[in-house]
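Chemist: The lines below spell out each chain.
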Amino acid sequence: MTLRPVSAAEIESLAIGAWILGTGGGGSPYLALLNMRKLYRRGVVVSLLDPMDLADDARVAVVSNMGAPLVGQERLTDPRTIALAVRMMEEYRGCRFDAVMSLEIGGGNSLQPFMAAAVLGLPVVDADCMGRAFPEAQMTSFAIHDLTMYPLTLADVRDNAVVVARAASWKWMERLSRKACVEVGSIASTCKAPRTGKEVKECGILYSTSKAIRLGETVQSARRQHRDAVQAVIEAESGQLMFRGKICDVARRTTEGFLRGTAKLDGLDDFRGRSFELAFQNEFAVGWLDGQPRVMTPDLICVLDSVSGDAIGTETLRYGQRVSVIALPAPPVLLTPKGLEHVGPRAFGYDLEFRSVFA
Amino acid sequence: MKRRIGIDVGGTNTDAVYLEDARVVHAVKTPTTRDVTSGVTDALRRLLQAGAPVAVDAAMIGTTHFTNAVVQRRDLTRVAAIRIGLPSGASLEPFVDWPEDLAALVRGEVFMLEGGHEFDGRALVPLDIAGVRAAARRIREAGLTSVGIASVFSPLNASCELEAARIVAEECPGVALTMSHQLGRIGLLERENATLLNAALVGLARTTAQAFTDALAASGIRAPLYLTQNDGTVMLASVAEAFPVYGFASGPTNSMRGAAFLSKLTDALVIDVGGTTTDIGSLRRGFPREANNVIEIGGVRTLFRMPDLLSIGLGGGSLVGRAPLSVGPRSVGYRLVEEGLVFGGEELTATDIAVAAGLIDLGDRRRVASLPAELVSGAVARMHAMIDEAVDRMKTDAGDEPLIAVGGGCFLVPERINGISEVIHVEHQAVANAVGAAIAQVSGEIDRIFQDLSRDEAIARARQLAEAQAASAGADPRTLTTVEVEDLPLAYLPGNSLRVRVRVVGEIA
Chain V
2 MTLRPVSAAE
12 IESLAIGAWI
22 LGTGGGGSPY
32 LALLNMRKLY
42 RRGVVVSLLD
52 PMDLADDARV
62 AVVSNMGAPL
72 VGQERLTDPR
82 TIALAVRMME
92 EYRGCRFDAV
102 MSLEIGGGNS
112 LQPFMAAAVL
122 GLPVVDADCM
132 GRAFPEAQMT
142 SFAIHDLTMY
152 PLTLADVRDN
162 AVVVARAASW
172 KWMERLSRKA
182 CVEVGSIAST
192 CKAPRTGKEV
202 KECGILYSTS
212 KAIRLGETVQ
222 SARRQHRDAV
232 QAVIEAESGQ
242 LMFRGKICDV
252 ARRTTEGFLR
262 GTAKLDGLDD
272 FRGRSFELAF
282 QNEFAVGWLD
292 GQPRVMTPDL
302 ICVLDSVSGD
312 AIGTETLRYG
322 QRVSVIALPA
332 PPVLLTPKGL
342 EHVGPRAFGY
352 DLEFRSVFA
Chain L
12 MKRRIGIDVG
22 GTNTDAVYLE
32 DARVVHAVKT
42 PTTRDVTSGV
52 TDALRRLLQA
62 GAPVAVDAAM
72 IGTTHFTNAV
82 VQRRDLTRVA
92 AIRIGLPSGA
102 SLEPFVDWPE
112 DLAALVRGEV
122 FMLEGGHEFD
132 GRALVPLDIA
142 GVRAAARRIR
152 EAGLTSVGIA
162 SVFSPLNASC
172 ELEAARIVAE
182 ECPGVALTMS
192 HQLGRIGLLE
202 RENATLLNAA
212 LVGLARTTAQ
222 AFTDALAASG
232 IRAPLYLTQN
242 DGTVMLASVA
252 EAFPVYGFAS
262 GPTNSMRGAA
272 FLSKLTDALV
282 IDVGGTTTDI
292 GSLRRGFPRE
302 ANNVIEIGGV
312 RTLFRMPDLL
322 SIGLGGGSLV
332 GRAPLSVGPR
342 SVGYRLVEEG
352 LVFGGEELTA
362 TDIAVAAGLI
372 DLGDRRRVAS
382 LPAELVSGAV
392 ARMHAMIDEA
402 VDRMKTDAGD
412 EPLIAVGGGC
422 FLVPERINGI
432 SEVIHVEHQA
442 VANAVGAAIA
452 QVSGEIDRIF
462 QDLSRDEAIA
472 RARQLAEAQA
482 ASAGADPRTL
492 TTVEVEDLPL
502 AYLPGNSLRV
512 RVRVVGEIA
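Line by line, the protein sequences are chains V and L. Take 2 as the starting number for the first sequence in my numbering and just add one per residue. Take 12 as the starting number for the second sequence in my numbering and just add one per residue.
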């Protein structure tokens, strides 16, 4: 097995890159980053494991913090809670894990496996099962590949714990776990259905952790050289600029623990006189240019600060912000007909035929 | 805008301007004094001597006092932090992301207690009342005089903070209390940081606001007194003294607004060299470019909206060390005119170096004539390098941009800087801060939960209330514009609940 120690500097880059891959959701990695800094200052070093080095029968814990990012800004994340969810799964299944991996590389969940790994002394697999962030459990490459969706363990800081032993479908798993999550305050640490090494190798989105680190390094290097960080990201990741403008209206509503809403933008620079509208369901789902659909999920829709290149989340969108909307290519598995059933525009309630801006 | 007095109290100089119909009529510059009051009194007296009338519509004071106190780690009160929210957030304690030197000065006692709320208004766990009382007694024993209280989701339900504050006030009579819900927004750590900084500054704020009020009264001017805030608007002094953190970065905001007003440029970099610090910002369409991200004050993350600024410890009063060569960040501040070499003192300052190098003629030039030439050229090179590097860090555009140099120490700015097309000097550049203060507007802000109204209706209602508040604070209703609208839906509360925050600004009537 090839284990590569991840440096403190790479953890910083990961936080920046993962926030961009969060496509507006997944929650800011800042608080998880603070926890990681504290752990690293105490001498912890987490190792990254090449997924192709996993034995077929290796046992991998898939972890994520579940809930509304807004709640996470008040109920601050704690490494012990995510480690607890993994321990509960080991107890429930009666066996130990060999490694942990992220459910979603976008946002704060990119660092949850690192937090769990630091407490548990396990390596982190360089992979996830979204390649970005998505709001629901069935929106994963494992679900698209029809892998088993249960069991799931869910831990709350108040000594509440839930095991979802079985679920009839990924949608049912989502409904059952989401209800439990909302009940404990719309934030909970979860360990998803355990995966074998073979399943990760065949159905995971591989090397997404190192991709997020690289993306963060691109932004950091552009800033150091006073280059346009947005342009640097577009060039490094084969992305496309959708719009540059100023946010003129944001509307949000919460339903069943999700943050849904729209943001309207007025054009600046080359887009002066034009308008853009973004719809989000935790993450950005669809973007319309002058009323016409321009970009839609699963293409990654990222909103970046036009000056710093920092990602802006759906929670932190504010009137007056100067932003650039960019599209980044989605992992190929999400673009298959089966993938689009799970994560295409119709899965979010938009009656639109998927067209990739990269097609 | 009719007749206004604008005053800027910097660490080194106190500047005052009199504006009539958007025109600078009189401007004076006096040294800031140890007691602050006499410096402001002196500035006002000289402004009146110059011909300004005592009958003005408003007097606005901006001060870098509070920012400087944090940046220089001075005049800070040691505080007790009470965090209410366990068992959540246990791994990230209060002061967690603070620079260690600042935390060491401000951190008195830290208490983490059970309590707080859920996003839907339910209790997280019951408030640990016995724990609060024990904490309060410990605070009294430790002799701490200021307390910051932050509870999980207090902007939605402040009851834990209010209850804790009641108990602390009971056990520790006379203690200053800052509750995080008074400072606003969702984001526990950043709100708590702002709360703790505020708690560390309330003592300084009280004495400072009183000093300003006394100075105005002593000069015979009977206009309402306002203090400027970081967004370029003003607040009545009596309100502002409880919230010194709102005054953070108001100096730089004023100087940038003043620089835009004086230069008629709307897009440029601005460098403001004061006595103690140099601030560099970027003007976009006449307003400071705001940092989109969380803002750091003296290295502490807060959630205020502020101009995107870089501050370095260089100013006219910066102390220059000889062996090894050093410039700043320590400054003689307002004592420059007593302690600087050219003014007859014994301290070698950046101003003395500038006089020796012939960059400006101030005081007695002969007193620096014997400084070694290599010391003078070395110190000038060091200061120019500091400015060069800071300007480079603030630039976000690879192309050349103009730089407007303002502030009393702007003679330290080199005429040629990498990436700068032209260094622009304007009339009254030394008092740009005071001009920016004088042109400040009045704002009204409403942050309230509305029920059973549509989003549009709720925002319209909030706007009406904010406009009424701004008008009663002295704004001309015809000039009001909405600058911020934010709404946050609240699930699981009775009816269709929506939290709406609307901010309007307008000219003083």
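These are computed hints drawn from the structure, not numbers from a lab. Among the hints, a few may not be true.
[What the hints assert, rightly or not] Chain V regions said to be covered by chain L (calculated; three or more residues, Cβ under 8 Å): (1) 17-26; (2) 79-91; (3) 200-214; (4) 240-253.
Quick reminder that beta carbons are idealized off the backbone N, C-alpha and C, glycines included.
Chemist: Hint by hint, which ones does this structure get wrong, listed from lowest number up?
Modeler: 1, 3
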